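**Q** The chain contents come next:
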Amino acid sequence: MRVLLVEDDNLIGDGIKTGLEKNGFTVDWFDNGADGEEALYTAPYAAVILDLGLPEVDGLTILKHWRSNKMKVPVLILTALNDVDSKILGLNIGADDYLGKPFSLKEIIARINALIRRNSGYVSSEIKYRNIVFNCDTKQVFLDNKPIVLAPKEVALVELLLLNKNRVLSKNVIEEKLYSWDDEVSSNAVEVHIHHIRKKLGKDIVRTVNKIGYVMED
Amino acid sequence: MKKFSLKLRLMVVLTSFFILIGVLCGTVSWFEAKESTDEFFDTYQMALARNLSSADWGDVNHSVQRHTNLELKNITNADEDDEAIGFAVFNLSGEMVFHDNNNGKNFSFKGYTSAFINENVAGDVWRIMRVKSADKKYIIAIGQELEYRSDVAWDLMEEFMLPWFVGLMILLLFMLLVIEREFRPLKKAAIQIKNRKPEDLSAVDVANFPKEVLPLVDAINELFKKLEQMLQSEKRFVADAAHELRTPLAALKIQLDVLQMCADDTETKLKAIDNLEQGLLRASHLVEQLLTLSKIENSLAESIDNNQQIDWKSITQMLITEYSDIIKQKQLVVDDSNLMQKGPILVGNQALIITVIKNLIENAIKYSPESANIQISSNDGLFIVYNSGIKVKEQYLENLGKRFYRPSGNNEKGSGLGLSIVKLITIYYGCKLNFANKNNGFEVKISKL
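Here the protein sequences line up with chains A and H, keeping their order.
For the first sequence, my numbering puts the final residue at 225, and the numbers step up evenly by one.
For the second sequence, my numbering puts the final residue at 451, and the numbers step up evenly by one.
One chain only, chain H, in its complex shape:
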């Protein structure tokens, strides 16, 4: 049923339902009609028996029979049915003295019976009763074909059912028309939506919809709105990314031009090559961060394994080891004595948490002056990275974590994406990301809400 249209389903279900009701009603009507006709005809047979038994059958002979036959034959406008009723009169010795000149002729002689008996008469089943005449010298048999009774009951039922059935069909047709009409706005909306341009995500007009489909239309409109927002943010991201890529590309182009222009000047040439390398590193770092960001956005949208136990201490120590060369080179003092295994996120996706911690440690190392202190601590509900010796101007603090935002006066070439990646993940895990200047340094804090 799932594949068929709602209209077809409604039609099939309603029609089947109506047919079922019809059959049920018909059956009930049939039994009712059958019972009524049985009652009626039994009573009729008994009344006829009463009449016939009170008659004087002593004088009846063949000429009476003949005369009666002729008499009845002359009635020309009779609308008779020879199975409707039949009778025969027997004397006690079993001789038939009178009959109805019809099926009664074939009735067999039996003694007196006090009940109706179904018996075979010339291949048909007849319901026959027998009574004694008033003078007790004759037996009168009165019978009726059973099939006749059924026919009458059937006719009755038919006459009752036919108008009902016709009415039903009209009702069904009318309902289909109504359904068709009610579905028209849906059809129209479907065509409209189908013919839309992909970028058209405006809301579907809810004016003509039946109340029942409004929740669906509202849900679709809600989805359109979300898609629109997503599309906008994607567009903005692509525009931002293109814009952000232009600067490193411009730098590469310029330095390449310098290299070509100064082919004869070794000193300038070497410097340009060095600059080109720097520029390439910067561009590839930006591209890498862009990819990371988009990967994370994708993975957050999909289902990821979020049931991993996060050991903040081990991850942080592992990452510190990774950066040991540059730490040594810049003579940084890293204090990790306040690291606990538990952090703001207890269970989650380890790869994402590694990205968070890595970005924060990398920033602390990158932006710290030589021989600065870096303190990394974690405990239940909190993770803090502090580095001494550098502050972020207060007016820049609130913009940190926005995509491509880089405070000015920055000599380190970052992408402006690191903290926005951190922010994305911490918000996903229901945590808060805080930036603050503390003592003579800068602190990033992830706290559980």
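Only chain A is shown next, with the shape it has when bound in the complex:
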């Protein structure tokens, strides 16, 4: 899952990025509001983590711009202002969730997972598909109730396909959603991941459409 992080504090930004990446997310991190705002228009992000106290353009203004431009991506706002009024203000402007500093990395990951899941129409953190179960929080995959070990990108790809069940995702879209701008992606990376997923979860688990797209369908 590709997540946009807009946070001006070096240590916080670095920590969130590292933590999310360790949990299978792909993170694009911007430390100023202007670049962060622009980034959302250029790549398909599953969620945004937005700090409110940003230099130049503050987080609430950015959020307002996004929402008025019909950007519906779920946004989690972070701020040092922990009073109820600013929480309400943030939520009213269009934030989907709110975290006051200081927060734990686990909490931010859980909330991002929940936001992405809910945005895809799932209520529970466990997604069932045929004979596999995917846990969005723990990122664990079970085949016939037995845990299967997948590489991080494979997990992300399974999650992406499950969250977009019955929709065909092109190779380009998958690359954009799984890799940040910093990653170097080899031309057959997606095919390799699909190959490994089929090997571990069964040949029919993913259907190839017209050689360019993939889908998990009921």
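Simulated from the structure, these hints should not be mistaken for laboratory data.
Be careful, since some hints might not be right.
As a list, the in silico EDC-like pairs of lysine to aspartate or glutamate whose alpha-carbon atoms are at most 16 Å apart [as the list claims (entries may be wrong)]:
(1) K206(A) - D190(A)
(2) K395(H) - E63(A)
(3) K29(A) - D266(H)
(4) K29(A) - D267(H)
(5) K404(H) - D242(H)
(6) K297(H) - D307(H)
(7) K71(A) - D103(A)
(8) K237(H) - D90(A)
Because the structure is a prediction, the values reported are computed rather than measured.
Starting from the structure of chain A, add chain H where the hints point.
**A** Chain H in isolation, oriented as in the chain A frame:
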């Protein structure tokens, strides 16, 4: 007297004053009454003498005396005082031929005296005068007890003083009532203030106060206002400080989480540890600056030694030496050739001035790019720190020096308090703090107003 209430003091002072006046008036009245009665009774005695001396005492014998005694005894409704007057008539050989059948009986015979004489009659002092009869064959002695005169004078004085004294008491009582009534709004206000919650610093209602206490109430209200402002600024400071501490704490928490999460990844682990150290340094720097700021605010509020001669040159050179390592490391060129001993503050508290110069030099060193120039100069009324190679965006200049203000795009981790500490001290010493971009750098100027 200091410990007693104003009411009690007023009572005591007024009562003592009235008693003093009473005693003075009484004394004056006493002497006046005494003199009047003396005059009156002397005249009365002389008039009686005139009457008695013109009488014919030749035929007077014992039967006359007896007859007169009886005659007078029969007057039943006399309200007499036997000390009021007494007389006796003697012939020239000293025999008493007639008397008043009272104290006069005890008068002694003496030759003719032309004056009043005080003499002892049966244990009392009497004022007695003696005259010759018209035929010069008799001596008539007429006297009056002195104590009687005093009693009359005393009675007179008493009659004059009593209503005055009663009036005085009524006046005193009335005044106490008035004072009590006038003090009621004060009492009420005191109770109100006493029952207030600590955070309630609203003004005391001045409507019912006597004009005399208004300056005090106004002063209290003024103090309340100042306290309110101080409290507000304290509250804001605490809120700001809590807010500012949240970010470094959040950074520490996140990095700690990363460390726990990536226990198996040595590279990430080492980086997280490094970040944790950075975060701790930042947090402790912030706490230190907060403490410095609060210490300075406290010391400015108290009396500090402000009589120290400030040698700007020595202090600056001492501090430059302190930072020589980092200066070398960043290959900075520090020009201190224009440093004079005199600066914008000639006499003050040295520790505070050191804080000012230290913060400015530290900023210049911290924010300068490598091999930048730092020029520090001072002269009478001026202290300037300039560093080349970096500017502050014009829109940020006016906010510099505000608490916790940090221009964005800042990679150096400051607390946003350094310049506000500098500003606090320079304003305390009546100086002005200026920030400006000059040439290709940034300049901080402290100037005497």
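**Q** What hint numbers does the structure not satisfy?
**A** 1
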